[in-house]
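Protein sequences appear in the order of chains A and B. Each residue of the first sequence is one higher than the one before, starting from 1 at the first, in this note's numbering. Each residue of the second sequence is one higher than the one before, starting from 1001 at the first, in this note's numbering.
These aren't lab readings, by the way, just hints derived from the structure by calculation. Even for Gly, the Cβ is constructed at its ideal location relative to N, Cα and C. Hints may be right or wrong, so weigh each one.
Here are the simulated SDA-like cross-link-like pairs (lysine to any residue), alpha carbons at most 25 Å apart as the crow flies [stated by the list, open to error]:
1. A/Lys98 - B/Asp1144
2. B/Lys1061 - A/Gln5
3. B/Lys1090 - B/Glu1077
4. B/Lys1061 - A/Thr109
Label pairs and their computed distance ranges (CB to CB) [stated by the list, open to error]:
5. B/Phe1185 - A/Gly94: 15 to 21 Å
6. B/Glu1169 - A/Ser111: 43 to 49 Å
7. B/Arg1010 - A/Ala17: 34 to 40 Å
8. A/His93 - B/Glu1169: 36 to 42 Å
9. A/Ser111 - B/Gln1183: 24 to 30 Å
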Amino acid sequence: MRLYQGIDLLEIDRLKAAYDRQEAFGLNIYTEAELAYCNARPDPYPHLAGRFAAKEACLKAFGVGMGGFGATGRFREVEVESTPSGKPVLLLHGSLEKMARRLKIGQMTVSISHADNYAVASVMFLGEGTAEEGAAGEGETGETGE
Amino acid sequence: MAQTMIGDERIMQEVCDAIVHTTGVDRDSITPDSSLVDDLDVLSLDFLDVNYRLEQVFGVKMARNFVLEHVEELFGEGVAIDENNDVTEKGVEILKMRLTEAASDLEPGTPVDELPALVTPRTLSSAVKDILGLLPEKSPAGADWKIDEGTRIVCSETGKPAVLPSGDEVVQNWLTSLQEEKQIF
């Protein structure tokens, strides 16, 4: 088996600034269901930041980062769904869903937390194949990412 | 046509301004070939912001999907990225054509997660130029174009902004033409 891991830490204020400044930011990054969930909260920004961190962590686990070149479409291919208990679950779409199939990924877990001005998310996949060096998607931004 | 309306230097200047405004990095530290990730510490939220600023400045829509994703969508899964998430020989061929200097040292087998480091002010400028370069000869009103507010192309008669193909459409059209011409895939 092979383990894939990604983690991301994000300042909520930075996410809020981008979200408020860019009129299409929400629809470029989040699915409609994610926006509905976050906007139903008294303060949506910690939830939006947590989901952004989860998306970034997921991309790091895949080892693709956001791909640069403005490849922001990948963010919408990672969807964080909330179960009735509040536990987040990852859903993959488009090219990432295909990549998961290619890598024969079975289980996926995501954990999100936020406190003060920070949101953090960790994503793990379990796939077929052998463990390789690190087997951890560090993403494009180093150890803590953002 | 648009390249002559908004010159290369102006586009590069706006790209650098977007990076400075987004990241606060010293303008003098930016060169056309600086890696946004490796040299300027641009992070994913910053990428989004840089693209957004360029869209606002030029009235364009930057690509939402990476060129290799378009390759796989058009020509089949596994064509550009293999089962280990490494770039294939054909993927490298495409990137070298698309990114020219930035991808000159790229080899097949390069992990996909190393590709963001190839983004430079020059590649972003090229992406903007590619979109602006598809400006029709005349506006829908049959009039010439003019530059408004320094960097936006509008109809000289109605003042309406030019409607340009998105960055994704530009890449898809380029790939389709390339395939017709060279039968790479």
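Checked hints:
Taking the CA atoms of A/Lys98 and B/Asp1144, the gap is near 45 Å; set against the 25 Å cutoff, the hint is violated. At most 25 Å may separate the alpha-carbon atoms for a hinted pair to count; B/Lys1061 and A/Gln5 exceed this at roughly 32 Å. Proximity of B/Lys1090 to B/Glu1077 is assessed by CA-CA distance (about 12 Å); at most 25 Å being required, the pair is judged to hold. A hinted pair counts as satisfied when its Cα atoms are at most 25 Å apart, and B/Lys1061 with A/Thr109 does not qualify at roughly 34 Å.
Roughly 20 Å separates the CB atoms of B/Phe1185 and A/Gly94, a value that falls within the hinted 15 to 21 Å. Between B/Glu1169 and A/Ser111 the beta carbons are some 38 Å apart, a value that contradicts the proposed interval 43 to 49 Å. Taken as a hint, the range 34 to 40 Å is violated for the pair B/Arg1010 and A/Ala17, whose Cβ atoms sit roughly 27 Å apart. Taking the beta carbon of each, A/His93 and B/Glu1169 are about 21 Å apart, not inside 36 to 42 Å as hinted.
The supplied range of 24 to 30 Å is broken by A/Ser111 and B/Gln1183, whose beta-carbon atoms lie about 47 Å from each other.
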